[in-house]
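Residue strings, one per chain:
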Amino acid sequence: MSMDLDDCLALPGFFSVNGSKSTEDCNDVNEDSCPCIKNILLLDSEGNRVAVKYYSDEWPTNSAKEAFEKALFSKTQKTNARTEAEIAMFENHIIVYKFVQDLHFFVTGAEGENELILVIVLQGFFDAVGLLLRGNVDKKEALENLDLILLCLDEIVDGGVILETDANAIAGKVASHSVDAAAPLSEQTISQALATAREHLARSLLK
Amino acid sequence: MAQPLVKKDDDRDDEADYSPFLGIEKGAVLQEARVFNDPQLDPRRCSQVITKLLYLLNQGETFTKVEATEVFFAVTKLFQSKDIGLRRMVYVMIKELSPSADEVIIVTSSLMKDMTSKTDMYRANAIRVLCRITDGTLLTQIERYLKQAIVDKNPVVASAALVSGIHLLQTNPEIVKRWSNEVQEAVQSRAALVQFHALALLHQIRQNDRLAVNKLVSSLTKGSVRSPLAQCLLIRYTSQVIRESANTQAGDRPFYDFLEGCLRHKAEMVIFEAARAITELNGVTTRELTPAITVLQLFLSSSKPVLRFAAVRTLNKVAMTHPMAVTNCNIDMESLISDQNRSIATLAITTLLKTGNESSVDRLMKQITNFMSDIADEFKIVVVEAIRSLCLKFPLKHRSLMNFLSNILREEGGFDYKKAIVDSIVILIRDIPEAKETGLLHLCEFIEDCEFTYLSTQILHFLGIEGPKTSDPSKYIRYIYNRVHLENATVRAAAVSTLAKFGAMVDTLKPRIFVLLRRCLFDNDDEVRDRATLYLNTLGGDGAVVQTGEDVKEFLFGSLDIPLVNLENSLKNYEPSEESFDIYSVPREVKTQPLAEKKAPGKKPTGLGAPPAGPPSTVDAYEKLLFSIPEFANFGKLFKSSAPVELTEAETEYAVNVVKHIFDGHVVFQYNCTNTIPEQLLENVTVIVDASEAEEFAEVASKPLKSLPYDSPGQTFVAFEKPEGTPAIGKFSNMLRFIVKEVDPSTGEAEDDGVEDEYQLEELEVVAADYILKVGVSNFRNAWENMGADCERIDEYGLGPRESLAEAVNAVIDLLGMQPCEGTEVVPNNSRSHTCLLSGVYIGNVKVLVRLQFGLDGPKDVAMKLAVRSEDESVSDAIHEIVASG
Chain A
1 MSMDLDDCLA
11 LPGFFSVNGS
21 KSTEDCNDVN
31 EDSCPCIKNI
41 LLLDSEGNRV
51 AVKYYSDEWP
61 TNSAKEAFEK
71 ALFSKTQKTN
81 ARTEAEIAMF
91 ENHIIVYKFV
101 QDLHFFVTGA
111 EGENELILVI
121 VLQGFFDAVG
131 LLLRGNVDKK
141 EALENLDLIL
151 LCLDEIVDGG
161 VILETDANAI
171 AGKVASHSVD
181 AAAPLSEQTI
191 SQALATAREH
201 LARSLLK
Chain B
1 MAQPLVKKDD
11 DRDDEADYSP
21 FLGIEKGAVL
31 QEARVFNDPQ
41 LDPRRCSQVI
51 TKLLYLLNQG
61 ETFTKVEATE
71 VFFAVTKLFQ
81 SKDIGLRRMV
91 YVMIKELSPS
101 ADEVIIVTSS
111 LMKDMTSKTD
121 MYRANAIRVL
131 CRITDGTLLT
141 QIERYLKQAI
151 VDKNPVVASA
161 ALVSGIHLLQ
171 TNPEIVKRWS
181 NEVQEAVQSR
191 AALVQFHALA
201 LLHQIRQNDR
211 LAVNKLVSSL
221 TKGSVRSPLA
231 QCLLIRYTSQ
241 VIRESANTQA
251 GDRPFYDFLE
261 GCLRHKAEMV
271 IFEAARAITE
281 LNGVTTRELT
291 PAITVLQLFL
301 SSSKPVLRFA
311 AVRTLNKVAM
321 THPMAVTNCN
331 IDMESLISDQ
341 NRSIATLAIT
351 TLLKTGNESS
361 VDRLMKQITN
371 FMSDIADEFK
381 IVVVEAIRSL
391 CLKFPLKHRS
401 LMNFLSNILR
411 EEGGFDYKKA
421 IVDSIVILIR
431 DIPEAKETGL
441 LHLCEFIEDC
451 EFTYLSTQIL
461 HFLGIEGPKT
471 SDPSKYIRYI
481 YNRVHLENAT
491 VRAAAVSTLA
501 KFGAMVDTLK
511 PRIFVLLRRC
521 LFDNDDEVRD
531 RATLYLNTLG
541 GDGAVVQTGE
551 DVKEFLFGSL
561 DIPLVNLENS
571 LKNYEPSEES
581 FDIYSVPREV
591 KTQPLAEKKA
601 PGKKPTGLGA
611 PPAGPPSTVD
621 AYEKLLFSIP
631 EFANFGKLFK
641 SSAPVELTEA
651 ETEYAVNVVK
661 HIFDGHVVFQ
671 YNCTNTIPEQ
681 LLENVTVIVD
691 ASEAEEFAEV
701 ASKPLKSLPY
711 DSPGQTFVAF
721 EKPEGTPAIG
731 KFSNMLRFIV
741 KEVDPSTGEA
751 EDDGVEDEYQ
761 LEELEVVAAD
771 YILKVGVSNF
781 RNAWENMGAD
791 CERIDEYGLG
801 PRESLAEAVN
811 AVIDLLGMQP
821 CEGTEVVPNN
831 SRSHTCLLSG
841 VYIGNVKVLV
851 RLQFGLDGPK
861 DVAMKLAVRS
871 EDESVSDAIH
881 EIVASG
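Those sequence lines, one after another, are chains A and B.
Heads up: the first sequence begins at 1 in the numbering used here, then just goes up one per residue.
Heads up: the second sequence begins at 1 in the numbering used here, then just goes up one per residue.
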């Protein structure tokens, strides 16, 4: 490694031959041309990270990222984003967010972005996590299944470009790789299994 | 994973105990990573360790170079495992590590194997990883596979390749451009997201080829694009095509029907994208806007906050240019004032403030009052600014609006918010004479209980200037003197100065002011005592009442006519000695352009469409600058300074712009020059002006600029004499002449010898509009009637074919250079006639009011009736002459 890893993360793709600054970030995506996601955040009820992914180098350091998360969290904390996704303008970004239990989901886009595109990304992430955690969506479950959450993030957006927004498709791609995809049903409680089954049924009916 | 379910505990401490990452430590995890090297891999355990590593990175932990390299090499071993889940984690890990070029080689073969695997998931992910970490040389090796992948039957694989293409296009455009056949095929894909990704990539490949984009849009708008996301892209590209072809065709806008059709799409995302695109069309007409406004109006009452927000934000933007089009939504908008989401509520309020008419102001203010108490300061500032511009638009409503401002001034709030309110009141006092007395009293009440020293001193200063000119200055004295009792030293000193100003201006108050000032002589602060003593002496408070002399007024009211920066530098250079500091030795030339300073972008409190701030008063700065130059000192009062006119193209060697200063009998051109070549020093810079096309002008003086170093702007002036009081016009050609000296960039030293050189500048014109000041009136009808019809001149003009009515109105406003009143410069769409009211002050300080009535005569021909009233017939005639000759 020719440079510190943190620097590498801050300048993703800096190895590209012609020295162009970034291949990972959505900075390379022309905003007029393609919707771009700047970050996806999953925070807990105190504003701490559960899992976050940044696609824009507007926040070059970890402290800049943390400052953004803290400020965003305190701004949105008191709002009721439990039934419908909420939205806020913050530091010239559009942020859509939704809360469940002690988890706060955020998706950030550019100021001029179509809000409804951001919200389908948020909904995709939110629902996919719900499916993967089998309806038990809280911080503890999320941390215990962090691998699933991280894979989920990886399947939703690639370098700022929306990859998939359908929760079933996202969860399907992640779960088929899950180490314990075939986790025996016996390990779930009866009520949980019922809840999952109900949910799947509801979804298939709604389709 | 799959651990026995534990009942969720509400106690946070307890809950933290169950975190699988509690007490996690980098060193220990790196140790654990050794399991990657085991000959017998345990996929599940390896997966867990990778999760831990990713957790650390996600929490902001960093690995040193050595650590990262070790982890990377260990992770590459995991390609031996056939476990799908583990492989998936390995992909994510490699992306997170961003390996260096020589490390990439190690995984290349493994990834290439996966790229050609039969498992779709392997193919898709390997493509994404490889494209992320690869460089150009490797790309040519895998290009064949990528082209295949783009048209792969599996949509996930195709999408992976297309998205990678979008990223690679930035670094290796020539390679990605070779894929356009495959990408084009993918645009026809049945899979929604493949279509979306393919369209995005195809557009990016072709975006610099207008014809190709045009063709792409034409063919796709006819066919059916399945994916809503792709449809949104298509709408964006269509608007680009419309924007670029805007001026080529008259009549119906190409592709408008497509956009309008998208308003009936089943996906809200597409409907909104289309509605927004329509509102952003250049010169959109009311007919075009209507369907878009209708769908946005429906969104306003949606149960989803995001939809309401999107709609109100778009309508807010529309309200800036087409306030009339949005008025239909006002009822829905008013119900949004109580929206839970304060961003939505604020946007609704500011939209209403823009679209509201005079009659709805009172009702609106009542609603806003309830709303103000429960929003954050940043939103309040936006509202205050919107109210200020509303008040300037409807000066008759100043009473209720001023009341509102004073009410909110009394409530709790931070400094920025209070400052915004005070600034607004000051602007209203300045622009609406009727509002002055109430406004000043509101400010007086505010300083009775103001916790911000800065605001108190600013208000006291303002009171000192405006207060003595009111009908009953004595009523302010109590408020001011109270400050001397109750405040800190800074405010007390300011209050003493303000008292002195009242004493100087109002002779009847003078004896009483002396009593108050004498009391201040016992203050425990030096500055307060000093000021009191000084003012008592200058005002003659020790003896009989004397007439206040001009020089005393100048002393009290005149501001320091030396740039503060220069004074600061001179003081720094001054060495304490027998010789006292001579203030006249301070250079008076302003180093930087005053305008550039004033225009420094103010920090916007939020992105919510803040209205433009009040006009900057640069005239004062210019006046000061000109009077500091002896040659121009006897030109009299500065009538008007124009905005800077650029005389050079952007990014040339020397950047020059000119400001035209109009005096009664003179014109001074101020050339602001910037030298953009680091290796040059210019000396003796002058502008040689050829006035052969400006017969009435005669050059009287020129002030060269001694030296113009790199990147530090300087000014040179040329003055002309012209017939007094008349609007002489003419064309001037300009040549920059100077001595250029080479500068050694390393030392910054200039050579001794210079070469004379010249540089051609663009022409400059003095036009009729330069002789009219933009001065608004608060109530046009009153002013018009008061002026009377004695000197009225009415005539009709044909303006010939015009692009639109609005364009004709703007052209006349620009020609006359007058201030549009009561928002009449905005022409509602599709109207066939329009009345525009203008006011201004003509050179010689003659008030002029103009009523312009425009009508469409035939399809494009515009006819105009011009009615001018002024205090002087010849001025009314002169205005007609300007229009007739323009």
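Quick caveat, the hints were computed from the structure, so don't treat them as lab data.
Please read all numbers here as calculations on a predicted model, not as lab measurements.
No residue lacks a Cβ here, since even glycine has one placed at the ideal position from N, Cα and C.
Don't take each hint at face value.
[Claimed, not checked] With a straight-line cut-off of 30 Å between C-alpha atoms, the simulated DSSO-like cross-links for lysine-lysine are:
hint, chain 1, residue 1, chain 2, residue 2
1, B, K65, B, K26
2, A, K78, B, K304
3, B, K317, A, K75
4, A, K65, B, K706
5, B, K65, A, K53
[Said to hold, decoys possible] Computed beta-carbon distance windows for the label pairs:
hint, chain 1, residue 1, chain 2, residue 2, range
6, B, D449, A, S63, 55 to 61 Å
7, A, S63, B, F627, 50 to 56 Å
8, A, R134, B, I105, 39 to 45 Å
9, A, P60, B, S19, 51 to 57 Å
10, B, Q340, A, Q101, 16 to 22 Å
11, B, T285, A, Q101, 49 to 55 Å
12, B, D209, A, K78, 26 to 32 Å
13, B, M112, A, G130, 32 to 38 Å
14, B, E260, A, S63, 23 to 29 Å
[Said to hold, decoys possible] Residues from chain A shown here face chain B by an in silico Cβ test under 8 Å; the list is partial:
hint, residue
15, G47
16, A64
17, A67
18, E69
19, R82
20, E86
21, V100
22, L116
23, V137
24, L143
25, L146
26, L150
27, L151
28, I162
Hints versus structure:
no.: 1; hint: K65/B <-> K26/B; in the structure: holds (14 Å)
no.: 2; hint: K78/A <-> K304/B; in the structure: holds (18 Å)
no.: 3; hint: K317/B <-> K75/A; in the structure: holds (24 Å)
no.: 4; hint: K65/A <-> K706/B; in the structure: violated (50 Å)
no.: 5; hint: K65/B <-> K53/A; in the structure: holds (22 Å)
no.: 6; hint: D449/B <-> S63/A: 55 to 61 Å; in the structure: violated (40 Å)
no.: 7; hint: S63/A <-> F627/B: 50 to 56 Å; in the structure: holds (51 Å)
no.: 8; hint: R134/A <-> I105/B: 39 to 45 Å; in the structure: holds (42 Å)
no.: 9; hint: P60/A <-> S19/B: 51 to 57 Å; in the structure: violated (29 Å)
no.: 10; hint: Q340/B <-> Q101/A: 16 to 22 Å; in the structure: holds (21 Å)
no.: 11; hint: T285/B <-> Q101/A: 49 to 55 Å; in the structure: holds (50 Å)
no.: 12; hint: D209/B <-> K78/A: 26 to 32 Å; in the structure: violated (50 Å)
no.: 13; hint: M112/B <-> G130/A: 32 to 38 Å; in the structure: holds (36 Å)
no.: 14; hint: E260/B <-> S63/A: 23 to 29 Å; in the structure: violated (48 Å)
no.: 15; hint: G47; in the structure: violated (13 Å)
no.: 16; hint: A64; in the structure: violated (11 Å)
no.: 17; hint: A67; in the structure: violated (12 Å)
no.: 18; hint: E69; in the structure: violated (10 Å)
no.: 19; hint: R82; in the structure: violated (12 Å)
no.: 20; hint: E86; in the structure: holds (5 Å)
no.: 21; hint: V100; in the structure: violated (13 Å)
no.: 22; hint: L116; in the structure: holds (4 Å)
no.: 23; hint: V137; in the structure: violated (11 Å)
no.: 24; hint: L143; in the structure: holds (5 Å)
no.: 25; hint: L146; in the structure: holds (5 Å)
no.: 26; hint: L150; in the structure: holds (6 Å)
no.: 27; hint: L151; in the structure: holds (6 Å)
no.: 28; hint: I162; in the structure: holds (7 Å)
Consistency note: the structure conflicts with the earlier hints numbered 4, 6, 9, 12, 14, 15, 16, 17, 18, 19, 21 and 23.
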